[in-house]
Amino acid sequence: MSAKDRSKEGSMKAITANRLRDGEVVFLGEGGRWVESFAEAALFQRAEADGVLAEAKAKAEREQSGVDIYAFEVVEQNGIPVPATMRERIRTAGPTVRLDLGKQAA
Amino acid sequence: MNHIAPGARAGIYHYDEIDRQFVAERVEQFRRQVERRLSGELTEEEFKPVRLMNGLYLQLHAYMLRIAVPYGVMSATQLRKLAAIGRKYDRGYGHFTTRQNLQYNWIKLEDTPAILHELAEVDMHALQTSGNCVRNVTTDPFVGAAKDEVVDGRVYAEILRQWTTMHPEFTYLPRKFKIAISGAESDRAAVRIHDVGLLARRNDKGEAGFSFYVGGGLGRSPFVGKLVREWVAQEDFVAYLEAILRVYNQYGRRDNIYKARIKILVHELGLEKFTQEVEEEFARLRGPKYRLDPEIVEGVRQHFAPPPFEELPDHSEALERAKAADPAFANWLEVNVAEHKAPGYAIATISLKPAGGIPGDATCDQMDLVADLAERHSFGELRVTHVQNLVLAHVKKDELYDLWKRLDEAGLGSANAGLIGDIIACPGLDYCALANARAIPLAQAISARFADPIRQRTIGELGIKISGCINACGHHHVGAIGILGVDKKGTEYYQITVGGDPTLTTAIGDILGPAVTETEAVDAIEAIVDVYLANRTGEGERFVDTLKRVGHAPFKERIYAAD
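Residue numbers (the UniProt record's numbering), protein chains in the order written: chain A, 1 to 106; chain B, 1 to 563.
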């Protein structure tokens with residue numbers, strides 16, 4: 001099921017981290033791999049998010065892939081899943097005061 | 001290591017072999033720690049305190065590296081190195097902070113050892129910029145140049161650097177510990193909002209010493225520092241501070257992070273009991289071992305010997321001509337230039353607050369330019385202020401116009417030091433992992449609203465300070481107008497305080513009323529200014545004085561009348 005489809009089912013969560021080596025914001029994608037773009041992030045039902053998060057944390061520590069791993073709320077806006085909070089919207093895009101920096105600049 | 005010897009400058013402490021070896025060893029130590037983290041030998045839990053001890057935080061978008069600018073003073077060579085690092089390892093800019101340091105926002109962990117190595121080449125580091133230690137000591141940005149100077153704050157700040165860096169008792173304090181020193185009669189270092197604030201004073205015999213204020217601080221529980229001792233002799237400077245830190249180490253709370261700062265200890269013990277404890281400890285410590293040897297002081301003082309000032313007339317014809325010919329320069333001169341102790345020289349503040357700009361940010365090109373200008377006009381040294389500006393402290397009056405033209409061409413010529421456009425703002429939610437709301441966009445909107453330099457002059461001295469969370473890195477509590485960003489169910493709101501004061505008459509501002517939205521906030525600030533202008537007795541009455549005289553009511557009425 002695509003991220004877009006799943007977000008329609010109700011309150012969803014995505015899982016994020018900063019990559020250990022360079023601090024880049026990453027999201028847990030399909031198949032348990034870390035992706036740089038929120039558009040490629042896997043979305044999880046609230047009930048399953050805790051389990052996936054615990055597994056992702058353990059794996060990241062084993063593989064030294066990510067730090068500061070947590071789940072955040074995702075809502076749908078105009079049919080597109082977006083982070084529910086300003087904080088996570090800024091993390092997925094970059095500073096609102098420097099549109100030339102961060103993921104939004106890519 | 002390719003050592004570039006930045007110390008061959010007037011006014012800059014130059015490392016000796018011990019300093020250099022110590023910093024180099026710390027770089028190598030951290031290099032190995034990073035390698036062990038990347039290989040998995042260290043867990044994040046083990047590594048985090050280590051990286052913090054080296055100034056490396058994890059923020060929203062990447063790692064943030066905070067570089068120490070000891071007491072806010074550096075050489076042109078050091079600033080050029082900061083610019084080079086910003087280009088090579090970051091995104092072409094840096095952010096000057098309210099602790100007179102510099103932060104890079106886009107750092108990679110794997111690059112950090114190389115960055116620290118490059119910093120060490122110019123006697124710089126990121127030590128004591130994080131963690132529960134004595135942080136980088138701050139001082140008056142006009143040090144060594146101000147007319148009202150009693151003692152040279154750099155000398156004592158440097159003594160503290162040497163004394164605290166490896167001190168085993170101060171490495172694991174209950175919480176971070178911030179010290180500010182003002183060596184002048186004025187307070188340009190906001191000393192009474194620090195854990196320990198020192199104000200140089202002369203006693204009845206005319207001897208220079210320090211007044212000790214303890215337990216100041218902002219954050220969740222703001223307190224103004226309390227006077228613990230009116231006068232401490234210079235030779236007892238270290239002993240008295242050690243006594244304070246020992247009392248803090250013994251009684252400070254380690255069980256609750258929100259109650260761990262010394263301000264809470266002073267508050268809970270009470271000033272009398274706290275002072276008694278300190279005085280008893282001081283009596284035990286006082287003696288040859290803790291006496292600050294005048295020879296040591298003199299040795300450090302030599303590093304900060306006055307630069308070779310020329311004997312000049314105080315009046316500059318060239319300056320007067322430029323002033324008459326160029327009104328924009330004349331305005332900058334009035335606002336950003338202060339009197340110097342040496343005839344024919346002046347102190348120039350370089351505003352990092354262009355209208356609509358990001359407070360404290362400087363591009364690497366701007367840093368290079370300021371380094372060039374520091375070499376050309378100010379004996380190769382410059383200062384960072386706690387208001388997030390830069391200072392060239394020793395500029396010939398004859399050269400001020402040339403200096404300003406070069407600054408203005410590079411977007412650094414704003415004439416707003418101390419005025420409403422000179423806003424302090426923390427990085428806020430645009431960068432900071434702790435923030436609840438953005439601070440920078442509001443600063444930009446306010447400075448754009450008040451962009452007109454004549455309007456700013458008309459309003460006069462009025463400091464706006466904005467924090468994106470209750471940790472108060474933007475010093476909002478002591479803003480004449482303070483703004484605190486809060487999150488209300490996912491929406492940013494801004495709580496306005498008025499009447500704060502970071503100077504000798506330090507005061508914590510009062511909340512004016514319910515928090516407002518970002519758009520409303522800019523209008524609310526303008527309304528406050530309008531009420532002030534309508535009520536002040538003349539151009540000489542400052543905002544804070546009008547506020548004291550008329551009270552909050554007219555301001556509240558204007559802002560919240562429609563509610």
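It is worth saying that the hints were derived from the structure and are not from the lab. Here the structure is a predicted model, which means the values were calculated and not measured. The beta carbon of each residue, even a glycine, is placed where N, CA and C say it ideally should be. Some hints here could point you the wrong way.
Quick list of the computed label-pair ranges, beta carbon to beta carbon [unchecked claim]: (1) Arg62/A to Gly513/B: 36 to 42 Å; (2) Ser11/A to Arg254/B: 25 to 31 Å; (3) Ala47/A to Glu526/B: 46 to 52 Å.
The list that follows gives simulated cross-link-like pairs (lysine to aspartate or glutamate, EDC-like), each with its CA atoms no further than 20 Å apart [to be verified]: (4) Lys489/B to Glu73/A; (5) Lys59/A to Glu41/B; (6) Lys108/B to Glu36/A; (7) Lys48/B to Glu61/A; (8) Lys205/B to Asp148/B; (9) Lys488/B to Glu88/A; (10) Lys57/A to Asp545/B; (11) Lys57/A to Glu45/B; (12) Lys57/A to Glu44/B; (13) Lys108/B to Glu73/A; (14) Lys57/A to Glu41/B; (15) Lys59/A to Glu44/B; (16) Lys108/B to Glu61/A; (17) Lys108/B to Glu24/A; (18) Lys488/B to Asp68/A.
Open item on the list: Against the 20 Å threshold, does the CA-CA distance of Lys488/B and Glu88/A hold or violate the hint?
Closed with: 15 Å, holds
TODO: Verify the proposed pairing of Lys108/B with Glu36/A, using a straight-line Cα cut of 20 Å.
DONE: 15 Å, holds
Task: Given pair status - Glu73/A, Lys108/B, alpha carbons within 20 Å - done: 27 Å, violated
TODO: Assess, step by step, whether the Cα of Lys108/B is no farther than 20 Å from the Cα of Glu61/A, and give holds or violated.
DONE: Given pair Lys108/B, Glu61/A holds - Cα atoms ~18 Å apart, limit 20 Å.
- [ ] Given the hint that Lys488/B pairs with Asp68/A, test it: the Cα-Cα distance must not exceed 20 Å.
- [x] With Cα atoms ~24 Å apart, Lys488/B and Asp68/A exceed 20 Å; violated.
Open item on the list: Hinted pair, alpha-carbon criterion (20 Å max): Lys59/A, Glu44/B. Please report holds or violated.
Closed with: Holds, at about 13 Å.
Task: Verdict for Ser11/A, Arg254/B (Cβ pair) under range 25 to 31 Å - done: 39 Å, violated
- [ ] Take a quick look at whether Lys489/B and Glu73/A sit within 20 Å of each other, Cα to Cα.
- [x] 13 Å, holds
Open item on the list: Hinted pair, alpha-carbon criterion (20 Å max): Lys57/A, Glu41/B. Please report holds or violated.
Closed with: Within the cut-off at roughly 17 Å; holds.
Task: Agreement of Lys57/A and Asp545/B with the hint, judged by alpha carbon distance not exceeding 20 Å - done: Not satisfied, since the Cα-Cα distance of roughly 55 Å exceeds 20 Å.
Open item on the list: Can you confirm whether the C-alpha distance between Lys48/B and Glu61/A stays at or below 20 Å?
Closed with: This hinted pair holds, its Cα atoms lying about 13 Å apart.
Open item on the list: Taking 46 to 52 Å as the stated bounds, is the beta-carbon spacing between Ala47/A and Glu526/B within them?
Closed with: 49 Å Cβ-Cβ, so the 46 to 52 Å window holds.
When held up to the earlier numbered hints, the structure conflicts with 1, 2, 10, 13, 18 and fits the remainder.
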